[in-house]
Amino acid sequence: MKTTEYKIEVSSLKLRESFKEELKQKMLAEAEKTLSEPEEHKPSIVKSYSKYIALAACLLIAISAVGFMPLGGKIESKSADNASAENDTVQNAADANGFDDGEILNSIINDEIEAPAEGAEDYADMEAEAVEEVESVEEAFDTPVESGEEETEKLLSAEPTESEQEDEIVAETNPASGNGFSPEGSRDYDGNYNGADYVYVGGEGSAAYSAALVKNDLTGAEISFGTVTAQTLESEPVDIQVGITESETESTEAEIPSAYGDGDAVYFDDDSEEFVPEAVDAPEPADAEEILEAEQIFDYNSLNYEYSMEYYDVRDGVIADLDKIGLIKFEILEAYDTEDAVAMYIGRDIDIDTDTRTLYSVNVNYDYFESEEVGVERALINVGTAQVQLVGRPLMEGEYVAVVYENSDGILEPVPQLLYAVHKVRGVDIAYHVYCPDGFMVDPGSTNMGLVPEEYEVVTSTDNNPEIYTQKAAVSELTHYLRRNILRMEPTLIDFSKKSVPKTSANVNYPTGMLASENDKINGVAVGDSLDDSLAALYLSDYSFAPDCVLTLNASDEQGGWYVVVTVKDGVIVSIEPHIESDDILAVE
Amino acid sequence: MQAAKDIGIYISSVVDKYSDMVYRAAYHALCDRHYAEDITQEVFLKLMQTLPDFESDEHEKAWLLRVTLNMCKSYNRKVYSHPTEELDETLADQKPVGSGPVTEAVMSLPDKYRNVVYLHYFEGYKLNEIGEMLGINQNTVASLLMRARKKLKEILGEEFDDENN
Chain A
1 MKTTEYKIEV SSLKLRESFK EELKQKMLAE AEKTLSEPEE HKPSIVKSYS KYIALAACLL
61 IAISAVGFMP LGGKIESKSA DNASAENDTV QNAADANGFD DGEILNSIIN DEIEAPAEGA
121 EDYADMEAEA VEEVESVEEA FDTPVESGEE ETEKLLSAEP TESEQEDEIV AETNPASGNG
181 FSPEGSRDYD GNYNGADYVY VGGEGSAAYS AALVKNDLTG AEISFGTVTA QTLESEPVDI
241 QVGITESETE STEAEIPSAY GDGDAVYFDD DSEEFVPEAV DAPEPADAEE ILEAEQIFDY
301 NSLNYEYSME YYDVRDGVIA DLDKIGLIKF EILEAYDTED AVAMYIGRDI DIDTDTRTLY
361 SVNVNYDYFE SEEVGVERAL INVGTAQVQL VGRPLMEGEY VAVVYENSDG ILEPVPQLLY
421 AVHKVRGVDI AYHVYCPDGF MVDPGSTNMG LVPEEYEVVT STDNNPEIYT QKAAVSELTH
481 YLRRNILRME PTLIDFSKKS VPKTSANVNY PTGMLASEND KINGVAVGDS LDDSLAALYL
541 SDYSFAPDCV LTLNASDEQG GWYVVVTVKD GVIVSIEPHI ESDDILAVE
Chain B
590 MQAAKDIGIY ISSVVDKYSD MVYRAAYHAL CDRHYAEDIT QEVFLKLMQT LPDFESDEHE
650 KAWLLRVTLN MCKSYNRKVY SHPTEELDET LADQKPVGSG PVTEAVMSLP DKYRNVVYLH
710 YFEGYKLNEI GEMLGINQNT VASLLMRARK KLKEILGEEF DDENN
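Chains as they are written, first to last, in the numbering used here: chain A, 1 to 589; chain B, 590 to 754.
The reader is advised that the hints may include incorrect statements.
What the hints assert, rightly or not - Looking from chain A toward chain B, a few residues come up when the C-beta cut is under 8 Å (computed):
(1) 12
(2) 17
(3) 20
(4) 24
(5) 30
(6) 312
(7) 317
The hints are simulated quantities; they were obtained by calculation from the structure and are not laboratory data.
Glycine is no exception: its CB is placed at the ideal position from the N, C-alpha and C atoms.
The shape of chain A in the complex, shown without the other chains (with noise of 0.2 Å):
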């Protein structure tokens, strides 16, 4: 058997001895030092995550004063849709009637500004959805109540639990973001006034950095309390480090984006190296200098956004006239070649456009507008090849989120002005949008969180080709608001809760006319049955393109090995055709 094989070779794969001899010397004196200045690193530990107890407790304080405090009134109770649609208004009224950003934000805090109509229509529902909301965002600064040493104990530990883990985000992604989380979010911890909030908001205009600016103090007001804590507790503002990987901690200096094209790219950190202190270690800001200069190299003229569409464009332009829609989280698994893509479509008489568009399969991993986890693998299509490139596409491998529609021939294609890279930040999900050319402003629901010049493009999937993203928001609160306010218009969803459904076979020509009887059974499989519970018992070479067509499917007896034809409708079988040459069938990959 080879995995047998594999261990005994794998068992063979060892360090040399003299290797293990000079690493155990270069241990003993690296935990010499460590343990010879145990007042320089074991505080530090500490140290580090001080900020998180101290963090913990104002949080606490915090949560327990809105409860209490009557800022804003609604506060207790507004769902981060509702902020936002407030947001919206209260952007127009500052437009109508002139407010700078301090009057918008004492208007909001004194109930000044009345919510919109339409958020109007939504407070039902939003009350509904209150509840939910101020119960998850309660759960997630939710930090155990225990007494001091049992929370120092714990978060020494070597691996941070989920607590932990959220705490950082608080410190980490709110403040990281730089981009005026708090009504002095211009402002540094030690008060200095910070460029970076600026860089890129400005390239968006007022308007924006408005609607940022009062969402932040609504919807992140436990954001600001983080961020409050986290300034009087730590004298080194972070704002840089999201976006830095932990590599790039180690020279503390902030990468400076190249120019579009030239390839030299920001990339993110999916987790921290290690569970602990250098987590928190924050990088020195990039000086105004810097920014400056990321800012000029950075040449947003090269992005064409002339046509530029809003969310609601989007939404009722784009979105309205699709058929089969879906929000979810996905992730690449292979981008297939041209000539593979064409030969999975052979006797299907389907034209999917190769030569411009690249064919992946993915992982659908959530489901949004169902609330729910799915792990099915589809086939999804995008513009964009290696030889025919637009910005940013092909995509590269990782994670996204988007809105989807399922086109004519099953597969998925992502809504371009929706469409958002997933980075993970200190444990949270982070969509940035992907630019897309007349997607440039999008901003569903204003949450907008800003970026730093750092964030604006990461590595490349084709040379010379990086993504480069142009807002980001946190995923929870993007899809939240995608899934509330899509679902108002009654679109027909695409149902990713069929798992496994197979994949139409390259070449085997469909065997109409060969329905069986419903006495055949193949190992145990017959007709009538549905696919779903019989995939235990077939082997299925391969998955799903179209969950609602008729399919023929490789399938293989374990015990047997050879191929059996499954034609599957609407999730049945409807015929089984044994004993097929495993060399009529070409393998799709």
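With chain A held as given, fit chain B onto it using these hints.
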């Protein structure tokens, strides 16, 4: 003196117990023995710098593996984010070197497949554990394993894992 003696014993035991594992994981991730040695050293020095308080051997093992894989990921990012001369210098001449035909087949797969194959088939981790370790969805791990098996079947000419097929 006692502390130094204790740490010496600990170092000796942890290196004897886990250094090969760390090396193998790094080798699977990087496809290069020299870099795997470098990463192994970095991981154990990191262990000494932090001296975490592990709850169990499993915790310690998982910590070491996760730090290893994250360091490898960072390394790969560095290389692939500068896809010019650096990439040529570091990877162009590197042929997958395994200790046998099956390992060579595994090493010829993309790194995302190699990691899950190693963690599942050699270290014996379950899909959900691998998902947590690599920070990816469990279903994605299942898909990656399935695809890895399929690719290995094409390379080896027979099933890699009869039991799980």
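Do the hints match the structure? See the list:
Nearest Cβ of chain B to the Cβ of residue 12 (chain A): about 5 Å, under the 8 Å cut. The hint holds. With a cut of 8 Å, the hint placing residue 17 (chain A) at the interface with chain B is violated, because the nearest CB-to-CB distance is about 10 Å. Checking residue 20 (chain A) against chain B by beta carbon gives a least distance of about 6 Å; that is within 8 Å, so the hint holds. Taken as an interface hint, residue 24 (chain A) checks out: its beta carbon lies about 5 Å from the nearest beta carbon of chain B, inside 8 Å.
Hint status for residue 30 (chain A): holds, given a least beta-carbon distance of 4 Å to chain B, under 8 Å. Evaluation of the residue 312 (chain A) hint against chain B yields a violated restraint, the C-beta minimum of about 32 Å exceeding 8 Å. Annotation: residue 317 (chain A) was flagged as interfacial toward chain B, and the flag is violated, the nearest CB pair being 33 Å apart, outside 8 Å.
Of the numbered hints given earlier, the model fails hints 2, 6 and 7; all others are met.
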